[in-house]
Structure formats: C-alpha cells, structure tokens
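First to last, the sequence lines map onto chains E and G.
Quick note: the first sequence, position 201, residue 201 per my numbering, numbers continuous.
Quick note: the second sequence, position 143, residue 143 per my numbering, numbers continuous.
It is worth saying that the hints were derived from the structure and are not from the lab.
All C-beta atoms, glycine included, are put in the ideal place defined by N, C-alpha and C.
A hint or two may mislead.
Claimed, not checked - Listed below are several chain G residues computed to face chain E (Cβ distance under 7 Å; list not exhaustive):
| # | residue |
| --- | --- |
| 1 | I12 |
| 2 | S15 |
| 3 | R17 |
| 4 | A18 |
| 5 | A80 |
| 6 | P102 |
| 7 | L105 |
Claimed, not checked - Selected chain G positions facing chain E (in silico; Cβ < 8 Å):
| # | residue |
| --- | --- |
| 8 | M11 |
| 9 | V16 |
| 10 | G19 |
| 11 | Q22 |
| 12 | R67 |
| 13 | F103 |
| 14 | E107 |
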Amino acid sequence: MNSIRRRLLLWLLSGLALAVVAAGARIYTQTLAEANELFDYHLQQMAASLPSDSFGPLPPSNLNELAAEDGLVVQIWNRNGLELYFSRPASKLPQRAELGFSTVDTSRGAWRVYSALEQNNVVQVAQPMSVRQNLAAGMALRALFPLLALLPVLGILIWITVGRGLRPLDRMADALGQRTPDALDALPQEGLPREIRPLVQALNELLGRLSRALESQKAFVADAAHELRTPLTAVQLQIQLAERANTAEEREAAFAQLKRGQARAAHLVQQLLTLARQEPGLAPRSQAPVDLAALARLVVSEYAPLAAERQVDLGLTHEEPASVPGDFEALRVMLGNLVDNAIRYTPAGGTVDVALRMNEGKAAIEIADTGPGIPQEDCARVFDRFYRREATKESGSGLGLAIVKNIADRHRATVLLENRVPGPGLRVSIGFAPV
Amino acid sequence: MRLLLVEDDPMIGESVRAGLQQDGFALDWVQDGRAAELALQTNQYDLLLLDLGLPRKGGLDVLAALRRRGDAIAVLILTARDAVTDRVKGLDTGADDYLVKPFDLEELAARIRALLRRQSGRADPVIKIGNLSINPATHEVSLDAEPVALSAREFALIHALAARPGVVLSRAQLEEKLYGWGHEVESNTVEVYIHSLRRKLGADAIQNVRGVGYVMPKPS
Chain E
1 MNSIRRRLLL WLLSGLALAV VAAGARIYTQ TLAEANELFD YHLQQMAASL PSDSFGPLPP
61 SNLNELAAED GLVVQIWNRN GLELYFSRPA SKLPQRAELG FSTVDTSRGA WRVYSALEQN
121 NVVQVAQPMS VRQNLAAGMA LRALFPLLAL LPVLGILIWI TVGRGLRPLD RMADALGQRT
181 PDALDALPQE GLPREIRPLV QALNELLGRL SRALESQKAF VADAAHELRT PLTAVQLQIQ
241 LAERANTAEE REAAFAQLKR GQARAAHLVQ QLLTLARQEP GLAPRSQAPV DLAALARLVV
301 SEYAPLAAER QVDLGLTHEE PASVPGDFEA LRVMLGNLVD NAIRYTPAGG TVDVALRMNE
361 GKAAIEIADT GPGIPQEDCA RVFDRFYRRE ATKESGSGLG LAIVKNIADR HRATVLLENR
421 VPGPGLRVSI GFAPV
Chain G
1 MRLLLVEDDP MIGESVRAGL QQDGFALDWV QDGRAAELAL QTNQYDLLLL DLGLPRKGGL
61 DVLAALRRRG DAIAVLILTA RDAVTDRVKG LDTGADDYLV KPFDLEELAA RIRALLRRQS
121 GRADPVIKIG NLSINPATHE VSLDAEPVAL SAREFALIHA LAARPGVVLS RAQLEEKLYG
181 WGHEVESNTV EVYIHSLRRK LGADAIQNVR GVGYVMPKPS
C-alpha cells in the first residue's frame with residue numbers, strides 16, 4: 001500500500017482509535033472507582049437501616065423492591081447461626097466470618113459483601129460486582145459514542161485534505177506528461193507547498209542539466225554533419241577527376257588522391273565515434289589500475305612506423321613505475337592522439353620525446369616535440385571540437401585534442417600545453433590526480 | 001579566364017584546381033582570407049570562388065571588404081553552410097551565386113560559365129561575333145558553321161578576347177588569363193597563340209593595337 005493518502009488515513013485513524021480506546025479505559029476505571037465508593041456506602045447504609053427488632057413477619061417484598069435494581073442480596077442470621085432471612089433464596093451466599101467489607105468469588109462472579117453485627121443478628125448485604133462494572137462500562141460507552149461516530153467523518157475529511165494537499169503533485173505530473181521531449185524549460189515554482197518545492201527545484205536542476213547536455217549533443221551532431229561535408233566533397237571531386245582521366249597515369253594519380261580522401265573521411269568518422277564514446281560526464285568504463293609505463297611503451301612502439309616514415313625521432317626518454325585507475329583503451333587513444341599530433345606537426349629531422357614521471361605521488365606523461373608550437377592565444381581554443389589552426393598541410397579532423405580533453409576529464413587528469421623554452425617545440429603534459 | 005579559388009582544405013583545393021584547369025580556366029589558389037585579399041589586390045581576376053570558413057579572415061568579411069572597395073568581380077561562394085539564412089546572408093553580402101558542398105565539378109564549371117557570361121552582358125551561352133561562334137561549355141569553335149579545332153590555350157585566348165569584343169587586352173592581361181601561378185610563361189607565347197589563331201580563324205579575327213594589345217573587333 002504505497003500511497004501517501006492511504007497511509008496517512010490509516011495512521012491518523014489508527015491513532016484516533018487508540019486515543020478513543022485509551023479515553024474509554026480511563027473513563028471506565030474512574031467510574032468504577034467512584035461506583036465502588038458509592039455502592040459500598042450504600043451497602044453500609046442498607047445494613048444499618050434494617051429493622052433491628054425481632055424478625056417477625058418482615059415484609060420481604062419491601063426489601064426486594066429496595067434491592068432489586070442494585071442486585072442486592074440481604075441475609076440475616078442470629079447469633080447461633082440460624083438463618084432468619086434470605087432476600088433471595090436462589091442466590092444464597094455463604095456466611096462470612098469476618099465483619100466489614102470483603103470481595104468474594106463465587107460461581108456467579110465476584111460479589112461485594114458487607115457484614116455487620118446488628119444487636120444479636122449478623123446482617124450480610126451483598127451485591128454482584130458486575131453491576132458496578134456494567135455501570136462503569138455504560139458510562140464509558142456513552143461518553144465515547146460520539147467520538148466513534150465521528151471517526152468515519154474524520155476519515156473522509158483526512159482523505160479530502162490530503163488529496164488537496166497533494167494536488168500540486170498531480171498538476172506537476174500533468175504538466176510534465178504533456179511535455180515534448182525537447183521542452184526542458186524549468187517548472188514554475190510559485191504557489192507550491194514548502195514540502196514539494198525541493199523536489200521541483202531538484203527536478204528543475206536536472207532539467208537544466210539535461211537541456212545543456214541536449215544542446216551540446218545537437219551542436220555536436222550539427223558540427224559533425226558539417227565537418228563530414230568537407231571530406232565527402234573532396235571524395236566527390238576526386239571521383240569526378242578519376243572519371244575524367246584520359247591516360248593511365250592521370251587515372252592512377254586520381255585514384256591515389258581518392259584513396260587519401262576516403263581514408264580521411266573514414267578517419268573523421270572514427271574520431272567522431274571515439275569522441276561520442278568519451279563524452280564528458282560519463283565515468284570511465286573501467287577503474288582497473290592502468291600501468292602507465294606499459295601504456296607509454298605500447299603507444300610509442302605503435303607510432304614508431306609513422307615517425308620513421310616522417311623521419312621524426314620518436315622515443316621514450318624517461319619512465320617510472322606508475323599506475324592510475326582508469327580505462328586502458330581510452331588512455332591509449334588519448335596518448336596516441338597526442339603522439340600522432342606531435343609527429344605530424346614536427347618537421348622531418350625533428351624529435352618527439354615521451355616521458356613518464358612521478359612528482360609527489362602524481363603521475364605525469366609529457367610529450368615534447370620540436371614542431372612550430374602553438375601561439376599563446378590559440379592554446380585554449382585548440383581543445384574545441386573541429387577547431388583547426390591556420391591552414392597547414394596536415395588535414396586533420398580537428399577532433400584529436402577535443403578527444404584528449406574528454407578522456408582526460410573523465411580520468412580527472414589535466415592537460416597542459418606550453419611552448420618549449422628555448423623553442424621551438426610544444427610540450428603537452430597530462431597530470432593525473434594522486435592515487 | 002582567370003579565377004581565384006579561396007579554399008582552406010588542401011584536398012578540395014587540389015581537386016577543384018585540377019578540375020577547372022581541365023575545363024580551360026586559369027586558376028590561382030590561396031588558403032586563407034588575408035592571402036585572398038592580397039591576391040585580389042595584386043592580380044586581375046574574372047571570378048572569385050570563395051569558401052566561407054577560412055582561417056585568418058572569414059569569407060564573408062573578405063566579400064564585404066571587396067564590395068566596399070567597389071570591386072565588381074563575380075563571386076561564387078563555395079561552402080558547407082547550407083542553412084537558408086547562411087545562403088541569404090552570403091548573397092546579400094554581395095555574392096552572385098552560392099554552391100553548397102559537396103558539389104559537382106560539372107555544375108561548378110557551368111555556374112562559373114553562367115556568371116562570366118552575365119558579366120560580359122550576354123544571355124546566349126554561345127558567343128557569336130560575326131561569322132565566328134564560340135561555345136564556352138563545350139569548347140567548340142566554328143567559323144561559318146564549320147568546326148575549327150583549337151588547343152586548350154588557343155581556346156582560352158580566343159574566349160578571353162571574345163568575352164568582351166571591342167575591348168583591348170594587353171599581352172600581360174592575356175598572359176594572366178592563360179596561366180595560373182606556378183606556370184612558367186615564355187616571353188612570346190601570346191604572340192605564338194595569336195599567330196596560330198589568325199591562321200585558323202582568318203587574319204582579321206584578332207586585331208593588333210600597336211603598343212597596347214589585342215582586340216576582337218565588334219561586328220558592325
């Protein structure tokens with residue numbers, strides 16, 4: 001029964017019922033105590049008022065009338081124990097030895113008995129306790145009856161009030177239900193009960209985050225589509241040139257161009273996929289410790305052929321044992337992109353040095369090249385998606401550093417670009433958080 | 001006809017240059033907005049092919065500056081920006097035509113021809129001067145309805161002169177229309193081609209204005 005309304009109703013009514021029962025019990029015990037006092041006095045009076053002379057023809061009917069409603073039983077014995085009088089022969093009680101008040105358990109329930117010595121006779125007046133209990137119970141019930149009759153009314157009132165109190169939630173649910181997926185503006189907060197406001201606030205914050213995420217996704221898709229046009233345009237033009245080619249030589253050259261164009265489009269698609277997989281905000285898929293030294297060795301050996309082709313001297317100059325929790329494949333893509341950039345922008349005869357250092361428990365990977373470096377004003381923008389610096393002979397996707405940044409962010413690592421002093425050259429440092 | 005291509009992407013630039021040169025256009029290619037402005041100020045072009053997303057100076061800025069200077073050169077925008085607002089903005093900034101990437105080489109060449117035709121005040125795609133007719137699309141030339149075989153350079157030369165009959169073009173101007181950058185021009189090439197054209201089309205087809213240059217006479 002997971003309904004606030006029902007739960008409230010149940011608990012409130014249970015509480016009320018409990019209070020009613022407690023009040024009843026209290027009224028009952030109090031009334032009973034008062035009745036005891038009163039009836040005991042009555043018994044005493046009765047015993048005293050009996051005729052003290054000889055028991056001749058006592059008018060029993062008189063006594064009977066007197067005693068009937070209170071269930072009184074009167075018994076009189078003389079000194080010798082001879083029974084002189086029984087008001088009700090049917091409900092005979094044993095003669096009590098002691099005088100005064102006593103409570104006797106009989107087969108017909110508990111009786112209150114008062115014995116007194118009146119001249120030479122023993123007078124015993126008795127009354128069943130049930131009379132007193134009935135009286136007390138009756139009192140209690142009469143007092144409680146209006147409250148009991150009120151319980152259903154209270155139930156209905158609670159049902160309605162709680163329903164009204166929860167109506168803002170229904171309205172919110174309606175408002176949310178009618179929204180289209182891209183309507184992510186904040187919900188109105190005016191007139192909301194204090195209890196619901198935190199929920200709406202939290203919801204609005206979530207909507208805000210969703211909206212920003214959606215915007216960045218839209219921008220990404222638009223950028224991606226736009227960027228795909230360029231390599232596709234190149235491929236289309238190259239196909240046409242290949243079709244027009246008249247000689248085998250021309251055709252061969254055109255196809256070589258076409259292959260490069262196709263490779264470039266494929267590379268861009270691959271980079272887009274990598275970027276999409278490394279969206280910021282996602283935690284790394286894996287938190288297994290990654291051996292950074294092994295990673296650096298692997299990436300350097302992977303890019304050795306490209307470096308050789310470009311006549312760039314690529315090497316791992318320094319390594320220390322270091323490991324960070326993270327996603328090995330992602331870190332490999334990150335380091336690979338940086339090494340690839342360094343090789344591509346370094347002129348033939350240059351050097352690319354990769355180094356892995358530990359500084360005060362923090363691991364850092366440095367990639368230093370002897371390329372042209374990056375002007376200071378561009379250092380922040382190079383991480384933007386599709387940002388390319390001035391026309392260079394390298395036609396990259398413009399995504400490499402954006403991917404690096406995303407992966408670094410997901411691993412709580414920093415990426416620092418700085419021009420080497422003395423130049424020329426660029427040094428990229430990836431600083432990991434202390435383990 | 002000499003064109004300036006402003007395109008920052010090396011592959012596209014390479015392909016467009018190759019394709020348009022096959023179509024007989026002389027084409028210079030620069031890769032950023034500043035270089036484009038420099039080229040426009042130092043050379044005479046018949047048409048500008050302009051990308052919008054350029055390093056250093058955006059295509060629209062180049063175009064706006066060009067029109068502010070009062071330069072009436074025909075401009076064809078080549079861009080990946082396909083939104084209607086982008087196209088409207090491009091045309092309203094002063095472009096004559098707008099082609100969205102990816103585009104077809106044939107279509108690009110046809111649009112260039114159409115712009116050049118309009119620029120010289122013609123609607124007929126075939127240039128007719130007296131008994132001579134020149135088709136820029138097919139590179140066919142005929143004299144008295146008889147086809148005449150011309151080399152690519154000869155065609156480029158007659159096309160340049162025929163585009164504006166009555167206007168005298170200097171040897172340097174003709175050389176510019178024949179060659180893009182990076183082509184070594186022999187000192188007497190234009191004379192060689194003029195000589196050959198006169199031989200094929202008749203001696204009065206092209207007149208020499210001594211000390212000034214060459215002209216195709218307007219038919220009376």
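Okay, the hints, checked on the actual structure:
The interface hint given for I12(G) holds, since its Cβ lies 5 Å from the closest Cβ of chain E, which is under the 7 Å cut-off. Residue-level restraint check for S15(G) holds (minimum Cβ-Cβ distance to chain E is 4 Å; threshold 7 Å). At about 10 Å, the closest approach between the beta carbon of R17(G) and any beta carbon in chain E exceeds 7 Å, and the interface hint on this residue is violated. The restraint placing A18(G) at the interface with chain E holds, with a minimum CB-CB distance near 6 Å, inside the 7 Å limit.
Checking A80(G) against chain E by beta carbon gives a least distance of about 4 Å; that is within 7 Å, so the hint holds. Of the supplied interface hints, the one on P102(G) holds, with its beta-carbon coming within about 4 Å of a beta-carbon of chain E, less than 7 Å. Of the supplied interface hints, the one on L105(G) holds, with its beta-carbon coming within about 4 Å of a beta-carbon of chain E, less than 7 Å. Contact between M11(G) and chain E, as hinted, is supported at the beta carbon level, the nearest pair being about 4 Å apart and thus within 8 Å.
Because the closest C-beta pair between V16(G) and chain E is about 6 Å apart, less than 8 Å, the hint holds. With a least beta-carbon distance of about 6 Å to chain E, the hint placing G19(G) at the interface is held under the 8 Å criterion. With a least beta-carbon distance of about 6 Å to chain E, the hint placing Q22(G) at the interface is held under the 8 Å criterion. Hint status for R67(G) relative to chain E: violated, with the closest Cβ pair at about 24 Å, above 8 Å.
At its closest, the beta carbon of F103(G) sits 7 Å from a beta carbon of chain E; the interface hint therefore holds under the 8 Å criterion. Interface restraint check for E107(G): the shortest CB-CB distance to chain E comes to about 10 Å, outside 8 Å, so the restraint is violated.
Going down the numbered hints, you'll see the structure goes against 3, 12, 14, while the others check out.
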